[in-house]
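Taken in sequence, the protein lines are chains G and B.
Counting along the first sequence from 1, when you hit position 456 you're at 456 in my numbering, and nothing is skipped either side.
Counting along the second sequence from 1, when you hit position 118 you're at 118 in my numbering, and nothing is skipped either side.
Honestly, I wouldn't trust all of these hints.
Quick list of in silico lysine to aspartate or glutamate cross-link-like pairs, DMTMM-like style, CA-CA up to 20 Å [unchecked claim]:
1) Lys371(G) - Asp347(G)
2) Lys57(G) - Asp115(B)
3) Lys57(G) - Glu47(G)
4) Lys57(G) - Glu215(G)
5) Lys119(G) - Asp133(G)
6) Lys57(G) - Asp160(G)
7) Lys119(G) - Asp160(G)
8) Lys371(G) - Glu413(G)
9) Lys57(G) - Glu40(B)
10) Lys57(G) - Glu39(B)
11) Lys371(G) - Glu298(G)
12) Lys371(G) - Asp89(B)
Some, not all, of what chain G presents toward chain B, calculated at C-beta under 8 Å [to be verified]:
13) Asp62
14) His285
15) Phe321
16) Met329
17) Gln421
Simulated from the structure, these hints should not be mistaken for laboratory data.
Note that the coordinates shown come from a computational prediction; the quantities given were computed from them, not determined experimentally.
Heads up, the beta-carbon is just placed ideally off N, CA and C, and yes, glycines get one too.
Next come the chains, spelled out residue by residue.
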Amino acid sequence: MLDRDADIVIIGSGAGGGTAANALAPLCAHGARVVLLEAGPKLRAEEFTGREVEMAKRLYVDEGGFLTEDRTMTMAFGRAYGGSTVVYTGTSLTITEPTLERWAVPGLTHADILERSRKYLEQNHVHLLAASDINDNNRLFEEGCRRLGYRVEQFPLNLDGCRGAGLCNLGCPNGAKMGTHRVQLPEAERQGVVVVTNCRVDRIEERAVVATVTERGFGEPSAWAPGEYRIRAKAIVVAGGAIGSPALLLRSALAARLPALGRYFTCHPALILVAQHDRPITNSHGHPKSYYCDHFAESDGFLLESCMYFPFTTAKSLTGFGAEHSRMMSAMDRLQMILVLAIDPPDAGNRVMVDREGHPVVRYAFTDGVKHSLVQAMRASARVFFAAGAARVHAPASSRFFIDAADADRIDELIPFDGLQLGKVTISSAHPMGGCRMGASPDDSVTDAWGQVHGLPWLFVADASLFPRCAEINPYVTIMALADRVAERVRREWPQLRAHAS
Amino acid sequence: MGALTNTQRQLLVCLAVRVVPESASMAGAPRAQMLSLIEEALAARPPAMQRQFGLFLTVLRWAPLLRYLRPLDRLGPRRQDAVLRWVQDCPLQAVRSGFWGVRTLIFIGYYGRPDAGSSIAYTPSRNGNAVLHARSRR
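All chains should be built: construct the whole structure from the sequences, respecting the hints.
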């Protein structure tokens, strides 16, 4: 094993780790050695091909199909220089005050998160798309919502130079999405942060990290040669995401002192709804996600978002098989899509664990409330599709493959609550949250309100695993705001951390 | 590669025809590409999951014997569909999930081929806005 010395080690380079690296980079000018370890590769520009399966292999854990323990849901999260910010659509919302009140973390205020969020909205060039760049798929969603009286808003997006490739979830081939790979990480490296890609962290020891660097056969070579390393550090910031971070801390034998570790996992379980129009519409050209509808967030616990996916993802999202399925798939240029997300409650039983080899395992049980929300969301989506002029709708929980426009007044009957059969219907999640939740007590939380792990002054968490409940919106801006807080805490305590270690 | 036996490959080709009827006309390189994508996706999964998948395929193949006295791949199309529909809606969640896995692998094999998009009117462009603006001018 090779030994390395650092002052601060950051694990992960996504919205959390990338932000922490950027916010801690000024310490490099004062002699601090800051090293960031990222499990994934840094792809070359020409490696963003837009080909669905190829990019899923390069940029996602388990090709975007990480299965929960009982295999009723898949989870999509990135593994790359920039983490999941390489593969999100760039939707940039700030957490609401009522949601933060529900989080009820002593010492964490909405004003503080809002101020930090605004900083990153500006840094990431967040703005609204011009009307001329909004395609039919998005426009029809907005029109359908408005006709029904549903509240609908345009997504602010973190784009610069977007050419509407529509391939955001496969990594932008034009480099237009302002994730940490484009904004925070390059600046951090410029200031002296060393980023080591293809580096999987195996465990954390007392003020040290044990990690393995491998070669992947694609992407830029890692800054370090392949091999096993022990990196000593005065402070360690864990930002491996809401699955990776709890799993790493569990592999590091911290469960005994932190009973809440891995627990209270939430993820906004999601379904993709698809409708067919009688004529071609513009859908795969232009940005895929322009609008959201939070009309039912408080009353029924779900959100609707316009979206557009790729052939395999679309095929997988439809329930059933055979001729009807093929008929739906045969003309993708006629498809309109809606993503529905359930606002799921924190439950101590929903948790990240590790298996005997140390690989993460997610145990997730759907509450009746979440199942109810998903069915109500399917019904609302069907209404939006028909209000937008769709000829037929596919709802995964329906007793029929197609619901024709002529049956639009029978939506509740045709999408029954018992139609949502787990294991049959494709449920996915791209918003893993919790597992290292913030709080006041180690009995029911893992860190304090500033991300410091209870009882370990040198260990911090800075990602979505901090969320004590779900964000009820797309979470990346909130992750950046929290990581900014954590970095501030590390900077504030840096003199003591350095003195204690030496 | 090598995640599937020859018998499993043949069964998957048979199942693919029921799941994606267009795959019936595939032969040679496209069919090999479909199977290759399926095998690569399977090989990336933990060994335990690969074994469970193999076991599920075996059960799926032989389950119809009780009712039809023939394995799945020797039934006619209508009976094959009936069996698959029953499996898809099976009261046991683990069985439904198993079929979901089979179906998903077939979809990755068929729709994951780079050439699949053009036959289903999916034609993304790096400069999608140019296409979008040109169409809105029409």
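Hints, one by one, checked against the model:
1. For the given pair, Lys371(G) sits about 15 Å from Asp347(G) by alpha-carbon distance, which is consistent with the 20 Å threshold.
2. Under the criterion of a C-alpha separation no larger than 20 Å, the hint pairing Lys57(G) with Asp115(B) is consistent with the structure, at around 18 Å.
3. Only pairs whose Cα atoms come within 20 Å are accepted, and Lys57(G) paired with Glu47(G) is accepted, the gap being roughly 12 Å.
4. For a cut-off of 20 Å, the pair hint linking Lys57(G) to Glu215(G) stands: about 15 Å separates their Cα positions.
5. Taking the CA atoms of Lys119(G) and Asp133(G), the gap is near 26 Å; set against the 20 Å cutoff, the hint is violated.
6. Under the criterion of a C-alpha separation no larger than 20 Å, the hint pairing Lys57(G) with Asp160(G) is inconsistent with the structure, at around 26 Å.
7. Distance check on the hinted pair: Lys119(G) and Asp160(G) sit about 17 Å apart at the alpha-carbon level, within 20 Å; holds.
8. Of the supplied pair hints, the one linking Lys371(G) and Glu413(G) holds, its CA atoms being roughly 16 Å apart against a limit of 20 Å.
9. Proximity of Lys57(G) to Glu40(B) is assessed by CA-CA distance (about 10 Å); at most 20 Å being required, the pair is judged to hold.
10. Between the alpha carbons of Lys57(G) and Glu39(B) the distance comes to roughly 13 Å, so the proposed pair stays at or under 20 Å and holds.
11. Among the hinted pairs, Lys371(G) with Glu298(G) is consistent with the structure: their alpha-carbon atoms are about 16 Å apart, no more than 20 Å.
12. Distance hint between Lys371(G) and Asp89(B) is fulfilled; the C-alpha atoms sit about 17 Å from each other, no more than 20 Å.
13. Look at Asp62(G): its Cβ gets to within about 7 Å of chain B, closer than 8 Å, so that hint holds up.
14. Satisfaction of the interface hint for His285(G) is found here, the shortest Cβ-Cβ separation to chain B being roughly 4 Å, below the 8 Å cut-off.
15. With its C-beta approaching chain B no nearer than about 4 Å, Phe321(G) sits inside the 8 Å limit, and its interface hint holds.
16. With a cut of 8 Å, the hint placing Met329(G) at the interface with chain B holds, because the nearest CB-to-CB distance is about 6 Å.
17. Restraint check, Gln421(G) versus chain B: the minimum CB separation of about 6 Å is within 8 Å; hint holds.
Comparing the model with each earlier hint shows violations of hints 5, 6; every other hint is respected.
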